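First residue of the sequence shown: 1313, per the working numbering; consecutive thereafter.
Honestly, I wouldn't trust all of these hints.
Claimed, not checked - In silico DSBU-like cross-links for lysine-lysine, where the CA-CA straight-line distance does not exceed 35 Å:
1. 1511 <-> 1454
2. 1314 <-> 1454
3. 1420 <-> 1454
4. 1511 <-> 1478
5. 1511 <-> 1420
6. 1454 <-> 1478
7. 1314 <-> 1511
Bear in mind the hints are in silico, worked out from the structure with no lab data behind them. What you are looking at is a predicted structure, and each value in this text was computed from that prediction instead of being measured.
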Amino acid sequence: MKEIAAQTITETVANLCQEANFALPADVLAALVRASEEEPSAAGREVLQQLLENARLAEGERRPLCQDCGFAVIFLEIGQDLHISGGYLYDAVQEGVSQGYRAGYLRKSIVRQPILNRSNTGDNTPAVIHAEVVPGDQLRIKVLPKGGGSENMSAMAMLTPADGEKGVADFVLRTVERAGPNPCPPLIVGVGIGGTADKVTYLAKMALTRRVGEPNPDAQLAAFERELLERINALGIGPGGFGGRVTALAVHVETYPAHIASLPVAVNLQCHSARLKEAVL
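Let's have the full structure, built from the sequences with the hints guiding it.
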């Protein structure tokens, strides 16, 4: 049985928190470059060029891409044949977030209690951890620092089965249109469909971890993603909300089986600062 020390996990998470905040993934950068070449609006092109310059400076100078360094959302894929030694897995992850945000001088944005004690925890913990047991003996760690502005514009609804594909599409479009410039477009739009109220919001968030523009392996869902992207980019919100064609870089749809009486749908909006880093131990 493979063994990984808890301290190794802490060190890895600490590094990922910093790298995610300093350097955009290559797929996001490539999508922004394509958008800057395709955007017909002069104002939109200027916004996109500024975003690319911001990314260049952030990575080169090791400074945060955005003043909002995000709520640390951690996805863990834990091999069933893996053993964690020297500590509890979740404690190791939380300590990694704490060390990474403090050592990287990243803004700490988490309050202790949402309504009764909104004092800052001081180290950006606790993170939100999603864990899944998978075959094998590896540990895959994905760190997604999620900004508050885009998260605030996310939404979910319990539709009826009769609402169907049109009802889902209309809800996605209404969510993006209502959000306007607030989530800092161009966006990546994560859409979850199916499951239960809690499962569908997880699906929408997990959709943001897919490579930008990588289609759903199901051909029908991939076509639905393309349709949604076209309709979103016809809204005219544009980069930074200044008008234009590129309101979204991609739409990613994830689904799960649903109850015969239900059609849950959730939309999780990701801003242009689509930060995500991963490691496999």
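Quick rundown of the hints versus the structure:
Proximity of residue 1511 to residue 1454 is assessed by CA-CA distance (about 19 Å); at most 35 Å being required, the pair is judged to hold. The suggested pairing of residue 1314 with residue 1454 holds, with an alpha-carbon distance near 20 Å, which does not exceed 35 Å. Annotation: proposed proximity of residue 1420 to residue 1454 holds, straight-line Cα distance about 19 Å (limit 35 Å). Our distance criterion of 35 Å between C-alpha atoms is met by residue 1511 and residue 1478, whose separation comes to about 21 Å.
Simply put, residue 1511 and residue 1420 have alpha-carbon atoms about 28 Å apart, close enough for the 35 Å limit, and the pair holds. For the suggested pair residue 1454 and residue 1478, the alpha carbons sit about 33 Å apart, so the restraint of at most 35 Å is met. Between residue 1314 and residue 1511 the alpha-carbon distance is near 31 Å, which keeps this suggested pair within the 35 Å criterion.
Comparing the model with each numbered hint stated earlier shows that all of them hold.
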